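Full structure from sequences and hints, please.
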Amino acid sequence: MPKPGSPRNNVSLTARWARPLAGSASALVEIAALQPLDVVKTRSQLGYKVKKPMLGSKLVGLPFQVAKEEGSRALYKGMGPLMSQQSIKYATRHGMFQAARNLLWGSPEARGVPAPAHINLLSGLLAGMTESVVVTTPFEVVKIRLQKEKGFGKVRPSTIQTAINIVSQEGIAALWKGVVPTMLRGGTNQACNFYAATAINQHVWGRREGDGKQIAVWKSMTTGFIAGCIGPTLNNPLDVAKTRLMAQEGSSSSVRRQPAMTYGLRPQGACAHHQLARTLSTSTAEPKYTGMIDCIRKVAANEGLPALWSGIAPRLIRTGLGQAISWTIVTRVMAHVEKA
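Numbering (the UniProt record's numbering), first residue to last: 1 to 340.
Think of the hints as simulated: they come from the structure by calculation, not from any bench. In this text the structure is predicted, and so the values were computed from the model without any measurement. All C-beta atoms, glycine included, are put in the ideal place defined by N, C-alpha and C. Be aware that a few hints might be false.
Lysine to aspartate or glutamate pairs mimicking EDC-like chemistry, simulated, CA-CA at most 20 Å apart [what the hints assert, rightly or not]:
(1) 339 with 70
(2) 51 with 69
(3) 52 with 69
(4) 213 with 109
(5) 148 with 70
(6) 51 with 70
(7) 49 with 69
(8) 52 with 70
(9) 49 with 70
(10) 288 with 303
(11) 51 with 303
(12) 148 with 211
(13) 339 with 211
(14) 49 with 303
(15) 219 with 209
(16) 298 with 286
(17) 339 with 209
Restraint-style ranges between C-beta atoms, simulated for each label pair [what the hints assert, rightly or not]:
(18) 113 with 67: 44 to 54 Å
(19) 291 with 332: 20 to 30 Å
(20) 47 with 340: 43 to 53 Å
(21) 104 with 172: 26 to 36 Å
(22) 54 with 32: 16 to 26 Å
As structure tokens, this is what we get:
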């Protein structure tokens, strides 16, 4: 066993910080490249109709329709909160996975052998559920409220003001709307993600955690794409429920809200007084969905079972490519740290 302060222990200390930091950096690259796909996925799940499919595909037609009707900048709606969310989320994800795995099994560096598959699965589940509650849900609520608004006028909705308006009009609990499906979705996604990524790296490419082996970029991108697509394919109904619950603007408290108010835009002058009067005198509308199970049941009953897999194509492309980018950066950084 290496003595404290030896190079082996120093590498382990460096790796403890390298993984979450590499995950955070990979998130910024991912969002910059793939944000339009996230807008397309959200619009698709909220039931936006494509007037003119392109190449026989609504998926291809939707971004062009948004760009034509609202301007190309509309494809980057919600990018601010998403970049903040993803960088914090990926740091939390990889840091929590590493902490859970080390707690349940130990460090692969220290033990000299990789963690077994069930440890990676459970550690990924814990990491995904943690990031969903702490980071994903409040950021996603703000992002979805921004993305569902049509148009991109001169007065751009403010991310911070949107969050403030949600809290003041619906209560702070509104920032955690859809937390149950988000937690289940995030947990299953990351359980599949870490399980598949470590298994493919180990059994297909011959790379084990802690061995310092660097693999080709195309191999790590293939690994990330496959690992990133498994969870979303299985749990898309949870993603649809999450999006619908977060998008609805029913009150989460006794605070009454103005139904027609656009998030992020402050009323001015006399108009503000009229809006305030309407806000105080208007009764809160009943939300369409009361929870995850109710949402899934109503969507299936009213729109058919295929509606529970709406947005699956842009989601798989978005998640698969995102994880391809993320795992490539994380794998290369960790291999470099392990060799040091």
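Cross-check of the supplied hints:
| no. | hint | verdict |
| --- | --- | --- |
| 1 | 339 with 70 | violated (50 Å) |
| 2 | 51 with 69 | holds (11 Å) |
| 3 | 52 with 69 | holds (12 Å) |
| 4 | 213 with 109 | holds (13 Å) |
| 5 | 148 with 70 | holds (12 Å) |
| 6 | 51 with 70 | holds (14 Å) |
| 7 | 49 with 69 | holds (13 Å) |
| 8 | 52 with 70 | holds (15 Å) |
| 9 | 49 with 70 | holds (15 Å) |
| 10 | 288 with 303 | holds (14 Å) |
| 11 | 51 with 303 | holds (19 Å) |
| 12 | 148 with 211 | violated (46 Å) |
| 13 | 339 with 211 | holds (8 Å) |
| 14 | 49 with 303 | holds (14 Å) |
| 15 | 219 with 209 | holds (16 Å) |
| 16 | 298 with 286 | holds (15 Å) |
| 17 | 339 with 209 | holds (11 Å) |
| 18 | 113 with 67: 44 to 54 Å | holds (51 Å) |
| 19 | 291 with 332: 20 to 30 Å | violated (42 Å) |
| 20 | 47 with 340: 43 to 53 Å | holds (51 Å) |
| 21 | 104 with 172: 26 to 36 Å | holds (34 Å) |
| 22 | 54 with 32: 16 to 26 Å | holds (25 Å) |
Violated hints for the displayed structure, listed by number in ascending order: 1, 12 and 19.
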